[in-house]
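Participant: For the record, the sequence lines run as chains X and S. Going by my numbering, the letters in the first sequence line up with residues 1 to 111, in that order. Going by my numbering, the letters in the second sequence line up with residues 1 to 112, in that order.
Think of the hints as simulated: they come from the structure by calculation, not from any bench. Be a bit skeptical, because a hint or two may be false.
To be verified - Across the chosen pairs, the derived CB separations fall in these ranges:
1) X:77 - S:13: 41 to 49 Å
2) X:77 - S:51: 35 to 43 Å
3) X:78 - S:112: 41 to 49 Å
4) X:55 - S:13: 45 to 53 Å
5) X:60 - S:27: 24 to 32 Å
6) X:78 - S:7: 23 to 31 Å
7) S:8 - X:15: 31 to 39 Å
By construction, the Cβ of each residue, glycine as well, lies at the ideal position given by its N, Cα and C atoms.
Spelled out from the first residue to the last, the chains are:
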Amino acid sequence: SQQGEEDPQALSIQEGENATMNCSYKTSINNLQWYRQNSGRGLVHLILIRSNEREKHSGRLRVTLDTSKKSSSLLITASRAADTASYFCATDGQGAQKLVFGQGTRLTINP
Amino acid sequence: DAGITQSPRHKVTETGTPVTLRCHQTENHRYMYWYRQDPGHGLRLIHYSYGVKDTDKGEVSDGYSVSRSKTEDFLLTLESATSSQTSVYFCAISAILAYEQFFGPGTRLTVL
């Protein structure tokens with residue numbers, strides 16, 4: 001069963017705008033991760049946020065976690081064409097070494 | 001791709017034939033994983049390994065077997081391929097007790 005569910009499924013914005021993607025999950029977690037996948041490539045780890053953290057930053061990425069609502073958001077600021085990719089959240093609700101991935105948000109940055 | 005290779009990268013086979021996919025890592029990470037990625041289902045765990053000769057099932061393990069005789073190699077075998085196993089297969093690795101996974105480039109398998 002899917003643990004993480006991303007919303008929206010697809011997002012198209014203009015270059016320079018901010019992009020926000022959301023992830024909801026069902027069971028208690030120790031951490032939540034975000035990955036990026038460029039077309040035809042493997043997933044690349046972006047950021048990990050632990051259950052006792054509320055917000056984390058990495059460059060132009062900002063991740064928030066609300067464990068009471070079982071949800072997380074990924075914000076990409078000042079988007080670039082190179083940010084065009086699919087973004088997945090992954091949770092460890094079934095054990096630390098068994099990540100469960102959502103179906104992803106397909107982000108398109110228009111020049 | 002963090003020292004992970006997969007072979008073959010593309011394969012077309014017929015229903016009923018055996019298929020083996022190979023994942024090779026140069027990072028000496030303990031944990032290795034096989035996922036399949038399908039439209040509408042995201043990424044689903046097939047099997048994983050927590051050491052040489054130590055493996056366990058994932059969410060969608062039926063019809064698949066794995067073997068790990070060396071730290072660096074993790075093999076995924078489809079004993080008798082079916083059309084429902086047409087998918088993109090990804091191998092991933094992670095260090096002991098670390099959560100971040102590193103993914104290989106993927107293998108596109110088509111079963112006719």
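Participant: Indicate, hint by hint, whether the structure satisfies it.
Facilitator: Here is what the structure says about each hint:
1. X:77 - S:13: 41 to 49 Å: holds (45 Å)
2. X:77 - S:51: 35 to 43 Å: Since the Cβ atoms of residue 77 (chain X) and residue 51 (chain S) sit about 41 Å apart, the hinted range of 35 to 43 Å holds.
3. X:78 - S:112: 41 to 49 Å: holds (46 Å)
4. X:55 - S:13: 45 to 53 Å: Holds, at about 47 Å.
5. X:60 - S:27: 24 to 32 Å: holds (27 Å)
6. X:78 - S:7: 23 to 31 Å: Check failed, 39 Å falls outside 23 to 31 Å.
7. S:8 - X:15: 31 to 39 Å: 37 Å Cβ-Cβ, so the 31 to 39 Å window holds.
Of the hints listed earlier, the one the structure fails to meet is number 6.
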